[in-house]
Amino acid sequence: MTVATKVAELARWTGWYLKEVAGEHDYDRYVEHHMRAHPDAPALSRREFERKRMDERQIRPGQRCC
Amino acid sequence: MSTDTGSATPARKITPRSVIIWSLVAIVGAVGWGALALSRGETINAGWLLAAALGSYAIAYRFYSKFIAKRVLGVDKRRATPAERINDGTDFHVTDRRVLYGHHFAAIAGAGPLVGPVLAAQFGFLPGTIWIVAGAIFAGCVQDMVILFFSMRRNGRSLGQLARDEIGPVGGVAALIAVFSIMIILLAVLALVVVNALAESPWGTFSIAMTIPIALFMGIYMRTLRPGKVIETTFIGVGLLLLAIVAGGWVDQSSWADAWTFSPQTLVIFLMIYGFVASVLPVWMLLAPRDYLSTFMKIGTIVLLAVGVAVTLPSMQNGAISKFALSGEGPVFAGSLFPFAFITIACGALSGFHSLISSGTTPKMIAKETQVRFIGYGGMMMESFVAVMAMIAASVLTPGLYYAMNAPAGLVGDTVQSASAAVTQLGFVISPEQLQNIANLVGEESLVARTGGAPTLAVGMAQIFSGLIGGSGLMAFWYHFAIMFEALFILTTVDAGTRVGRFMLQDTLGNVWKPMARVSWKPGLWVTSAIVVGGWGYFLWVGVNDPLGGIYQLFPLFGIANQLLAAVALAVATTCLIKAGKLKWAWVTAIPLAWDAVVTLTASWQKIFSADPALGFFAQRARFSEALAQGEVLPPAENLEDMQQVVTNATVDGVLSILFASMIIIVLLDAFRTWYKVLSAHGPVPSTEDPYVESKLVAPAGLFVTAEEKAELREAELVGAGGAGGAGKDET
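If you read the protein sequences in the order shown, they are chains A and B. In this text, residue positions in the first sequence follow this note's numbering: the first is 1, and each later residue adds one. In this text, residue positions in the second sequence follow this note's numbering: the first is 1, and each later residue adds one.
For reference, chain A alone in the conformation it holds in the complex:
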């Protein structure tokens, strides 16, 4: 493997990691889960999903330590 491909791979992995930590991929997982569990009901749109998720956070704020 050349250095260039290694660097490209590292960049790709970092991008995947950051998005994963930030929860950007949660929507894709939700759609997948929804299709399997309720194939006949339409899934939420991205906008609706993100709003719902934020509103849920309202009730459970993330604990942040010292």
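Hints were generated in silico from the structure; no laboratory data involved. Note that the structure is predicted; figures quoted are calculated from it, not measured. It is possible that part of the hints are untrue.
DSS-like mimics (lysine-lysine), calculated; alpha carbons at most 27 Å apart, straight line [unchecked claim]:
1. B/Lys229 x A/Lys19
2. B/Lys710 x A/Lys6
3. B/Lys522 x A/Lys52
4. A/Lys52 x B/Lys229
5. B/Lys696 x B/Lys66
6. B/Lys710 x A/Lys19
7. B/Lys77 x B/Lys13
Between beta-carbon pairs, the in silico distance windows are [as the list claims (entries may be wrong)]:
8. A/Arg12 x B/Val705: 14 to 22 Å
9. A/Glu48 x B/Asn440: 53 to 61 Å
10. B/Glu694 x A/Gly15: 34 to 42 Å
11. A/Ser45 x B/Lys677: 50 to 58 Å
12. B/Thr602 x A/Arg36: 57 to 65 Å
Note that beta-carbon positions come from the ideal geometry of N, C-alpha and C, so glycine has one too.
On the provided structure of chain A, position chain B as indicated by the hints.
Okay, now just chain B, sitting in the frame of chain A:
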């Protein structure tokens, strides 16, 4: 117990290669410690400290954490975790171990591991460093990992519930009171750090104030324009943040400077208003974008600091052990090395607060039981490393500058001349010109009596960063960058902490009057938010006005509260081990518990009963109230009003010390009662664990995938059970 089946995997052969590698690691660590211990009277390179810490961490992780995972806890890779069993798509979901490590670390690391070591540097760098490394290895990492494991085995139950279920109702109530009171003191002390960093600093105040519109913009952008695009939004936010730091420099030089210069008292009012408004606004507006921003800034800055220290390898001006270690007359906080070094450095060595995270969201997201080692033990190890770097950053400063910045204003006065004279009195040297030069270099009016740790750390970080990029011309930028970084996540903690405190209060009040428990009922929300803000606001106000210095008086209380929570967590863990019939392994948590109890109770004893007015709150109260009755004014008080203030503060702080000490004793006694009951009963105690369900998931345990795990993953792919699904990709 069925749990022991996990260790049934064949033991790997010890190869000569691994013996050589681990011997080398041990030698690196030992040489580092040796160099630190033997250096006397001259400066020493920070590289030795890094070698000592990293070598110790590697050995501890490889051997001790593995021993705890396999022997003591009996982690079982064939047992399904709550994330796999329940998988409800909201709280419980299987998460890639590296992603969960990121979440967990972001939740446990905050300003604590940065501030504590800076203050404890008054004993010299060595005592604090030994405690940070050894405390983490034998106490802090163990606590985080063990609580994570026990909570995971009980569907992710919280520390309060665990204390009630395992120890008893009395222990449970004590745990709740401990959590609430540590919250209030924590928020007050952290807010005090911010106030001390921003007071009389137009540059810092402007930059921090700008984070509010930046966060609002990010919130609206994510809500309306680009839903879910967190990384994109955060990059825009970080760009704006850097611009705000640069713009702070322009404001500092402009006619606006006066409009952005505030006294500590004014800043307290602003902070309380901010805390209240931020905690009642919807989370998407302020809290969530701020959280993303501060998390990414935090990780970025820590990485930058690690690179800076490793590349520039600064030499440390602070001595190994200072004379204050034994005399107990240090100007930063009162008391000698034992017990106060172990109270001042809580986060970074042993932090009770982490047990709330380890029994919060993390156990609900963990994919494999075997991962508690990497996430629990490894996460805390990283935080301990952050504390080591904070110690290095503080030790890069000359002791003269360190004491001029960290001694309270009552001692060093408010001019460079008075500070220089006071530092000479303490036995260190810094000229008024030097003090003024450094202040000019970092773009501040004055650095005298900038207590709280943040400004000291910022000067140290600016020295390290400017050695990396930009030279002395960028010192001012790096100083304010460091201040911004700390203030940003302290403000996020203030917002999130106020909310968490409010929920606890709503929950408790809801037992008395139902509507209070309804989280969407606005008046209830406002009232409980106001009570929590009023609670920390009171201590914050008292802190900035305290003639003896707010950090000097309040920081030990914060440390005691945090270690009290650690005592609760370790008592719960020891109880769980004893109940599981593992008395012979109970020392793993019982020894840290005993140490923590001795340290915390000794510190409380001295704070309550010491006859030295600098140390004991009640001795201080007696001295000042007697003088007050005679109409005398004792320095550093300047008038009778100050005298009255000292008397009131000493009373409140003393009563709090009594409350904390009684809580520890109650929890310990209740735990002893339970242990006695369990041990004297013949036959096993009913387990509180959730029943065994076989796992269908295959996921690696640690950061790196072993050859054995690769084979398992391949097999799972072939069988096509969707085993690795959700556990992320593992291309190597």
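Now for the hints, and whether the structure bears them out:
For the given pair, B/Lys229 sits about 9 Å from A/Lys19 by alpha-carbon distance, which is consistent with the 27 Å threshold. As the CA atoms of B/Lys710 and A/Lys6 are separated by approximately 21 Å, the hinted pair is consistent with the 27 Å bound. Simply put, B/Lys522 and A/Lys52 have alpha-carbon atoms about 20 Å apart, close enough for the 27 Å limit, and the pair holds. Restraint check for A/Lys52 and B/Lys229: the C-alpha separation of about 15 Å stays at or below 27 Å, so the hint holds.
Simply put, B/Lys696 and B/Lys66 have alpha-carbon atoms about 24 Å apart, close enough for the 27 Å limit, and the pair holds. Distance check on the hinted pair: B/Lys710 and A/Lys19 sit about 25 Å apart at the alpha-carbon level, within 27 Å; holds. As the CA atoms of B/Lys77 and B/Lys13 are separated by approximately 20 Å, the hinted pair is consistent with the 27 Å bound. The supplied range of 14 to 22 Å is met by A/Arg12 and B/Val705, whose beta-carbon atoms lie about 18 Å from each other.
The beta-carbon spacing between A/Glu48 and B/Asn440, approximately 54 Å, falls within the hinted interval of 53 to 61 Å. For the pair B/Glu694 and A/Gly15, the supplied restraint of 34 to 42 Å holds, since their beta-carbon distance comes to about 35 Å. The hinted range of 50 to 58 Å is satisfied by A/Ser45 and B/Lys677, whose Cβ atoms lie roughly 56 Å apart. For the pair B/Thr602 and A/Arg36, the supplied restraint of 57 to 65 Å holds, since their beta-carbon distance comes to about 58 Å.
Going through the hint list in order, the structure satisfies each hint without exception.
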